[in-house]
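Protein chains: 2
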Amino acid sequence: MKNFMEPESVALIGISRKTGPGSFNIMENMIKFGFSGKIFPINPKAKEILGKKAYPNVKAVKEKIDLAIISTPREHTVNILKDCVAANVKAAILVNQGFADADSRGKEIQQEIKEIAKRDGIRILGPNTLGVLNNFNNFTTSFMPITKERAPVGLICQSGILFVGALRFSGNIGKGIDLGNACDIGFYEALSYLGEDPDIKIIAIHMEGLSEGKEFISLASRLVKEKPIIIHKTGSSETGARAAISHTGSMAGNYQVCKAALKQAGVIFLEEDGQMTYAVKTLLNLPTMKGNGVAVITFSGAAGIMVIDALERYGLKLSTLSPETIHIIAELSPDWMPIGNPLDIWPAVMKFGTGNAYSIALKAVLDDPNVDGVICIAIAPMIPEFSFLNVSDALNKVVEEQPNKPVIAWLYGPNPGEISKRFESKKRIMTYPTLEIAAWSLSLLKQVPKV
Amino acid sequence: MKNFMEPESVALIGISRKTGPGSFNIMENMIKFGFSGKIFPINPKAKEILGKKAYPNVKAVKEKIDLAIISTPREHTVNILKDCVAANVKAAILVNQGFADADSRGKEIQQEIKEIAKRDGIRILGPNTLGVLNNFNNFTTSFMPITKERAPVGLICQSGILFVGALRFSGNIGKGIDLGNACDIGFYEALSYLGEDPDIKIIAIHMEGLSEGKEFISLASRLVKEKPIIIHKTGSSETGARAAISHTGSMAGNYQVCKAALKQAGVIFLEEDGQMTYAVKTLLNLPTMKGNGVAVITFSGAAGIMVIDALERYGLKLSTLSPETIHIIAELSPDWMPIGNPLDIWPAVMKFGTGNAYSIALKAVLDDPNVDGVICIAIAPMIPEFSFLNVSDALNKVVEEQPNKPVIAWLYGPNPGEISKRFESKKRIMTYPTLEIAAWSLSLLKQVPKV
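Chains as they are written, first to last, in this note's numbering: chain H, 1 to 451; chain B, 1 to 451.
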């Protein structure tokens, strides 16, 4: 995988002379992204592309080429790969489409490609792939714009949408491998690479089909002891599974069998889009839960009830608070107030101020041996007009002193975007858009080792 | 309810002289909100509050008072209500806490209050309520800041969090009634009012307990023929149901029985927080589905598979596209491309440009008699750098000409906030953060009459 992820020299085969908006030019994107290695554009009709000498074919280059990226029409692929073998290229990414993702002719060509990979010592990623992304050395083969952040998150997927749409799926990724049709490089190789990569602390996977099932599962079950692995397996519906065959030629296999085996291996298994991003940020930033007891601190009894419903759905329960905790909160509250979990601290807030009351309550539950994790329900007011209602600084201070239990927050009010950022600024308290997602995310911390 | 929602004169009993940030002063908030009626502050220690003459008690006012708002400590409530009766006040909101939401003394006081309401002709909202919100005449009794928009959405709830946190729960609301402990005014009265209100096109309800069950359900089943009613009933878990008793004194009743009866009545029944806002915007803005056949247009085969999985979970299915539709898309696509539903139009985009290819595809599926609704999967690029990837204008133009089927979108990429706004600008295409929520939201349009 090193030739794919950290090449020193790249040949771009079938690269267009068109550049600028709408041209989807890989070379232009690669340069803009900051790749510092050598680039050899291959285009028999061009003398020069983007200021670099162009070559008629890869054999004409006469220098070491770590990686070839092929974006010609499909019918030229086999001959080009043969040229690559002749030029001693060790790795190729097939960006082009129309193989196992298409008609019977495409399937035949893919079979030929597969045999070249097996026989001639060249490793192949794709076809039908956006390729790779490595923000740690400013390298990407994507022709689409990509967000650049050195997040310790490695992504393996079967579609470029997971790169381009990373914010929707996994949050920012530091390294990404799009397997596409996975004719040669598959989940096993990609997982091996990211599993050993010290830059990567968590592995997110989008999977349509899994062909090397046994090896992958055995590797995953070993790796999860060190790094959480989260898999969104698509194709749970019969129609979805059929669509996977036409998308990447992936046989989805028996979904339920695959799900059971992956869960057994200790991976976090997801079935809905949108969950990955919460799973990643939770496991990346928060400590694990020692047990399943949760304290809820809230400004609102109604939201407390909603979160109880959600906790129960995900196998968590409300902690029975210790007498010490009850005593501390009772001191803050009116006499008529029944004190329990959820801790409704609105009456205390009215008397002692928002930040004060909330900090005392949070400190008390973090000290409580019956509590394994905390959900804070708080307000997201407009700033600076209603800054006195914002408890982000106060709570971050408490968590800094007691960092051993996960603390998460759910915010309501007119300004959730800005206040969420403030809550998350120290990466000690994570926020979620619903109580349902908050409870689910917290439940993941029961299952995994510390990142 | 008219005295509560559209009062011409209001007495504020137990109003504080403290104003400004952190004082939670109802009177200050009411004036700021633009209430144009008369306000009588009642405070025996003050001569004037916020420039208005203060009275020692409500009997001293000697003018017509439509609504009294009481925020004294609980022990004064009964005597104050007796004063209100003597002063011929017809409606009172009890903002104060410590009644059925608290200890046995609180329950006794609430019982006395209930008897006054029954016997003496004064209607009571609360206790333990933020009161009402009516953006159509700039009136609120909330002491917390509230977003002001004349949305045709009416909210009935049992907690002020649903007002303050409206963006998280229901989206902006035009009118709101917080029943709190619901000792007198209950779900039935509130629903009757909003049901007949021409300003309100959709009714969102947060419900902890339902005491007048039969009447409410019979009213709801009549109203849903004209206005969708969406209910988030909390307390599905046993612990949650117990917490409801201590929050508003509400007996949650048998959750499953209540759920079955409400669904039978034709309301949309929700169990998770966060769903309401999507249900409301969907039903408010989109036409209903005639059948359950969905066309998916996508830039990404992988996302197509995800949405198929989700559609199946919510009882929808992929339409079998007509030969005409297939023909139109085949004309745009490479020869090797299998054309089906989902329609993967990325290859067509590469040849014909983003907006062009997408518009032709959307027009074709909207013309297709096998299609009842459409999900568009599209990119949310940075603007203006990658404007050529943004199809919001192109799709809105198509939908304007063919408005009879719902079209929804899911966007991926670095700029979902801004591009979503552009998609939704004409209120003809709604966007959703996940394919899961998109599919679920579309499925609601099978169940309801046109708003």
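Any given hint might turn out to be false.
Treat identical chains as interchangeable: a pair holds within one or across any two.
As the list claims (entries may be wrong) - The calculated DSSO-like cross-link candidates involving lysine-lysine, where the alpha carbons are at most 30 Å apart (straight line), are:
(1) Lys225 with Lys214
(2) Lys259 with Lys317
(3) Lys317 with Lys107
(4) Lys82 with Lys62
(5) Lys421 with Lys38
(6) Lys32 with Lys351
(7) Lys90 with Lys18
(8) Lys363 with Lys421
(9) Lys290 with Lys82
(10) Lys317 with Lys263
(11) Lys47 with Lys351
(12) Lys2 with Lys426
(13) Lys64 with Lys397
(14) Lys114 with Lys82
(15) Lys82 with Lys351
(16) Lys32 with Lys421
(17) Lys148 with Lys351
(18) Lys90 with Lys290
(19) Lys18 with Lys290
(20) Lys148 with Lys421
(21) Lys351 with Lys52
Derived by calculation from the structure, the hints in this document are not laboratory data. On a predicted model such as this, the values are computed, not experimentally measured, just so you know.
Lysine 290 and lysine 82: within-copy, between-copy, both or neither at 30 Å Cα: neither (56 Å within a copy, 55 Å between copies)
Have a look at lysine 82 and lysine 62 and pick one of within, between, both or neither, based on CA distance no larger than 30 Å. within (16 Å within a copy, 99 Å between copies)
Lysine 2 and lysine 426: within-copy, between-copy, both or neither at 30 Å Cα: neither (33 Å within a copy, 49 Å between copies)
State whether the alpha carbon distance between lysine 114 and lysine 82 is at most 30 Å within one copy, between copies, both, or neither. Within one copy, since 12 Å is at most 30 Å while 88 Å is not.
Measure nothing new, just compare the shortest in-copy and cross-copy C-alpha distances for lysine 363 and lysine 421 to 30 Å and report within, between, both or neither. Within one copy only: 22 Å inside a chain, 41 Å across chains, cut-off 30 Å.
My question is about lysine 82 and lysine 351: at a cut-off of 30 Å on alpha-carbon distance, are they close within one copy, between copies, both, or neither? The answer is between: 28 Å across copies meets 30 Å, while 78 Å in one copy does not.
Treating 30 Å as the Cα threshold, decide for lysine 351 and lysine 52: within, between, both or neither. Intra 71 Å, inter 26 Å, cutoff 30 Å: inter-copy only.
When no copy is named, should lysine 90 and lysine 290 be tagged within, between, both, or neither for a Cα gap of at most 30 Å? neither (47 Å within a copy, 56 Å between copies)
Indicate which option fits the pair lysine 32, lysine 421 if close means a Cα-Cα distance not exceeding 30 Å: within, between, both or neither. both (29 Å within a copy, 29 Å between copies)
Is it within, between, both or neither when you check lysine 47 against lysine 351 at 30 Å Cα-Cα? Close across copies (25 Å), not inside one copy (77 Å); limit 30 Å.
Up to 30 Å between alpha-carbons, please classify lysine 148 paired with lysine 421: within, between, both or neither. both (19 Å within a copy, 25 Å between copies)
Identical-chain pair category, lysine 32 with lysine 351, by Cα at 30 Å: between (56 Å within a copy, 24 Å between copies)
In this structure, the earlier hints numbered 5, 9, 12, 13, 18 and 19 are contradicted, and the remaining ones agree with it.
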